[in-house]
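Got chain X sorted already, so can you dock chain F onto it with the hints?
Residue numbers (the working numbering), protein chains in the order written: chain X, 351 to 772; chain F, 351 to 772.
Keep in mind the hints are simulated off the structure, nothing from the lab. Wrong hints could be hidden among the right ones.
Stated by the list, open to error - Which bits of chain X does chain F cover? Going by a derived footprint, with three or more residues having C-beta under 8 Å, they are: (1) 443 to 457; (2) 614 to 625; (3) 652 to 665.
Claimed, not checked - FRET-style restraints, in silico, Cβ to Cβ: (4) X:ASP496 / F:ASN749: 51 to 59 Å; (5) X:LEU404 / F:ASP666: 45 to 53 Å; (6) X:ARG413 / F:PRO390: 55 to 63 Å; (7) F:GLU463 / X:ASP496: 57 to 65 Å; (8) F:PRO676 / X:GLY374: 53 to 61 Å; (9) F:THR365 / X:GLY374: 41 to 49 Å; (10) X:ALA378 / F:GLU361: 40 to 48 Å; (11) F:SER517 / X:ASP560: 48 to 56 Å; (12) X:CYS772 / F:ARG656: 24 to 32 Å; (13) F:GLU417 / X:ARG413: 38 to 46 Å; (14) X:LEU581 / F:SER517: 53 to 61 Å.
Nothing here was measured: the structure is a model prediction, and the numbers come from that model. All residues carry an ideal CB built from backbone N, CA and C; glycine is no exception.
Below are the chains, spelled out letter by letter.
There are 2 protein chains.
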Amino acid sequence: MSLLLDTQYLEGFVTEEELARCAGPLAAAGEALAAGDGAPKGWRTLPEGFPEPLLRQLADTGRRIRESAEVLLVIGIGGSYLGARAALDFLPKRPGCEVLFLGNSLSPSALAETLARCEGREVAVNVVSKSGTTTEPAIAFRVVLDWMRRRYGSRLRERVWCTTDPSGGALRSLCEEEGFGRFEIPRDIGGRFSVLTPVGLLPVAAGGGDIAALLDGAREGQRRYGGPACLENPAARLAAIAALLDRGYPVSLFCSYEPYADSLCQWLIQLYGESLGKDGRGPFPAAARFTTDLHSLGQYIQEGRRMLWETVLSFDPGAGPALTVPPLAAGHDGLDYLTGRPLAEINRAAMLATAAAHHDGGVPVLLIEAGRREERTLGELFYFFETACALTGCLMGVNPFDQPGVERYKQNLFRLLGKPGC
Amino acid sequence: MSLLLDTQYLEGFVTEEELARCAGPLAAAGEALAAGDGAPKGWRTLPEGFPEPLLRQLADTGRRIRESAEVLLVIGIGGSYLGARAALDFLPKRPGCEVLFLGNSLSPSALAETLARCEGREVAVNVVSKSGTTTEPAIAFRVVLDWMRRRYGSRLRERVWCTTDPSGGALRSLCEEEGFGRFEIPRDIGGRFSVLTPVGLLPVAAGGGDIAALLDGAREGQRRYGGPACLENPAARLAAIAALLDRGYPVSLFCSYEPYADSLCQWLIQLYGESLGKDGRGPFPAAARFTTDLHSLGQYIQEGRRMLWETVLSFDPGAGPALTVPPLAAGHDGLDYLTGRPLAEINRAAMLATAAAHHDGGVPVLLIEAGRREERTLGELFYFFETACALTGCLMGVNPFDQPGVERYKQNLFRLLGKPGC
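One chain only, chain X, in its complex shape (with noise of 0.2 Å):
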């Protein structure tokens, strides 16, 4: 039911002794962890602790939006909006909005292209910010409220929703003068822990998704990776993997054989990228999309510098579209043995022949079997990643937490843009 690792493309890599080795220092860090001195750690109880009402309300909501516009526009940036990407990507398609997602750069041909996209079509936004006043955003805001008050006038209340502050901030001023509606982001959860908030539950209830079975499966998570970081937790185990290999292989690619994960490894940079990236340590965090990358970056995988390891996530096709190879009336293809064989099986053994042809060629792999393409998988790996990440940070001695050099840019940009005051 669960994911579990398979660790048999780490042999030669990581040692069960040294993996042992670890469980001191490991457990050490699930503690620091748990006590965790003012850190932002809601994130670790908020699948057990989510309230009914507001799962309601953000199921009530999604519908409410699903029925009255055809496309959202989820106008944030960072973890204001990766993780809605990344479920939305993730599932089955399924009646709902389009959700478009806008803000999260600065380039005006996105911000015109996605506009366009949206004539002729009925709109509603949500936008999602702490603050209020990180310059993406903001300006998106900006340009999207112009757009919608022209277009619906004082109907605009009906379609604008923020997901903000739950006491101050620009963004909640505004709402509150407008009479948009309000959802709020807990402030003990960083942006990039925040997506089984309202940040990332309602894009993906408006899009059709089931939040009620993400939350279960992150339930799931909480119960089996929230409990003390011994080596039987994947979670706990991963962060020992992780720090281990640290020392000799700097870069760390997720990869999936699945367009539908590529969202998803977008998250997982971002949430180990600002997590592990400081004090001049960390590793650098990619992805790759196989068997794809394999035409591109897999030669630099095979034989490029040994400094890479890989984390495969796994996905069982369940219930996923059944094809399989047909015939070819006259053979030139030289696939004829594969004629009648399923797709999903054909994928699967490039899987494991890359898996273990990366491990030959001095690349140490770990395979994630995480299950079906679902919500409940979603939500479970969604916890599984934050806790695993947050005690790698822990181990390695960094505060997972934090975001320095982010903040940095961001000031440097009101400076440079000559922000009274900055």
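Showing chain F alone in chain X's frame:
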């Protein structure tokens, strides 16, 4: 008019003295490239030598596809789709087919979802494969042929074009038997250098791109970068910079501030990864989109392990959308100081601020001012990077034209799947 290298953010990392010491090896690399004993280097003289009748035939076929189809399915993997996708995503949308890419993975979900997008629309197909036997596109082509035959019956032949080997190959035989249209991939041009052959040009023409202008840009590139490899040649200069930085900065990050350049960065990842990642060496190529990823990977770039260097592609907003920051009645968002300013200007300010901050944080940054978002720019860029990358390989002492690791993957996959005789 043409692209410019801005090296100010390399200060302290690469000196003019070091570059000057590269002059000799660089000249030798240029001569090796020009001599190229048996190396597939047809791409070097392709733009100036491109046959006019072929260009007209490609443009005519593109027009015919546009007139008879709403969707063009391009079936190919690696160099057989990355160039066309880079171009189609880069260019502003024009009236033309929607081009969807298929056969670049073994995912049944991706195949089924792409075919679902074709329902109820007129479809044409371009299958791109030198041998016709590469597993991923060969399987997808079988599935698509089946689907097209059921739909179009004997009219199938009017809707399928094969881009393949000029003399042998499985695809060529099938093509002749079925009466499909056919274009040739020159023998002396490898996959990742093939974007300016029919491999890239036919999909671009069908998508509404001006392939004559694309080739004009490439011709300009050949004139500017195809000559002797001296430090005054920007492509040669980039090769020297890359070879020098490779010693201390093994991760090479391609960045832009425009989502329309995302796929171009993926093309660069193949070009560099496959050309240089061998013999246990080479820079690991990765991509980032700013300012988007400054809110995720940005933390790592600013403060993580010091092993990255950046190549930033900057484009002149030129005739792009003239969006400005609109006013907000009650300026809650602290953004009033930006009211009325063009987004393009703010985006550029962010680029300069970030280059300075990354440089100060220990990241060498090369800025490339590449020109406007149009065909000419892109043609020149393709030629520029192909030359720079090949010269880097020669400087580093690796063969930039083979991909033994990828060939081994293809063979492994045949064997594991039980292909007779493998």
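F:SER517 paired with X:ASP560, Cβ distance criterion 48 to 56 Å = Since the Cβ atoms of F:SER517 and X:ASP560 sit about 55 Å apart, the hinted range of 48 to 56 Å holds.
Verdict for X:ASP496, F:ASN749 (Cβ pair) under range 51 to 59 Å = Holds - the Cβ-Cβ distance for X:ASP496 and F:ASN749, about 55 Å, lies within 51 to 59 Å.
Check the following: the C-beta atoms of X:ARG413 and F:PRO390 are separated by a distance inside 55 to 63 Å.
-> At roughly 57 Å between Cβ atoms, F:PRO390 and X:ARG413 fall inside 55 to 63 Å, so the hint holds.
Taking the CB of F:THR365 and the CB of X:GLY374, does the distance hold inside 41 to 49 Å?
-> holds, 48 Å
Claimed coverage, the stretch 652 to 665 of chain X by chain F - three or more beta carbons nearer than 8 Å | holds (count 7)
Establish whether the coverage given for the stretch 614 to 625 of chain X by chain F is satisfied; the threshold is a Cβ-Cβ distance below 8 Å, and no fewer than three residues must meet it.
-> n = 5 at 8 Å, threshold three: holds.
Distance restraint evaluation - X:CYS772, F:ARG656, Cβ atoms, bounds 24 to 32 Å | The hinted range 24 to 32 Å holds for X:CYS772 and F:ARG656, with Cβ atoms some 28 Å apart.
Look at the Cβ atoms of X:LEU581 and F:SER517 and judge whether their distance stays inside 53 to 61 Å.
-> Between X:LEU581 and F:SER517, where Cβ atoms are some 59 Å apart, the hint holds.
For the range 53 to 61 Å, tell me whether the beta carbons of F:PRO676 and X:GLY374 fit it or not.
-> 58 Å Cβ-Cβ, so the 53 to 61 Å window holds.
Are at least 3 residues of the stretch 443 to 457 of chain X within less than 8 Å of chain F when you compare beta carbons?
-> With 5 residues in contact (Cβ-Cβ under 8 Å with chain F), the coverage given for the stretch 443 to 457 of chain X holds.
Range agreement (Cβ of X:ASP496 with Cβ of F:GLU463, hint 57 to 65 Å) | Since the Cβ atoms of F:GLU463 and X:ASP496 sit about 35 Å apart, the hinted range of 57 to 65 Å is violated.
Taking 40 to 48 Å as the hint, is the beta-carbon distance of X:ALA378 and F:GLU361 inside that range?
-> holds, 43 Å
When the structure is compared with the earlier hints, a violation turns up for hint 7 alone.
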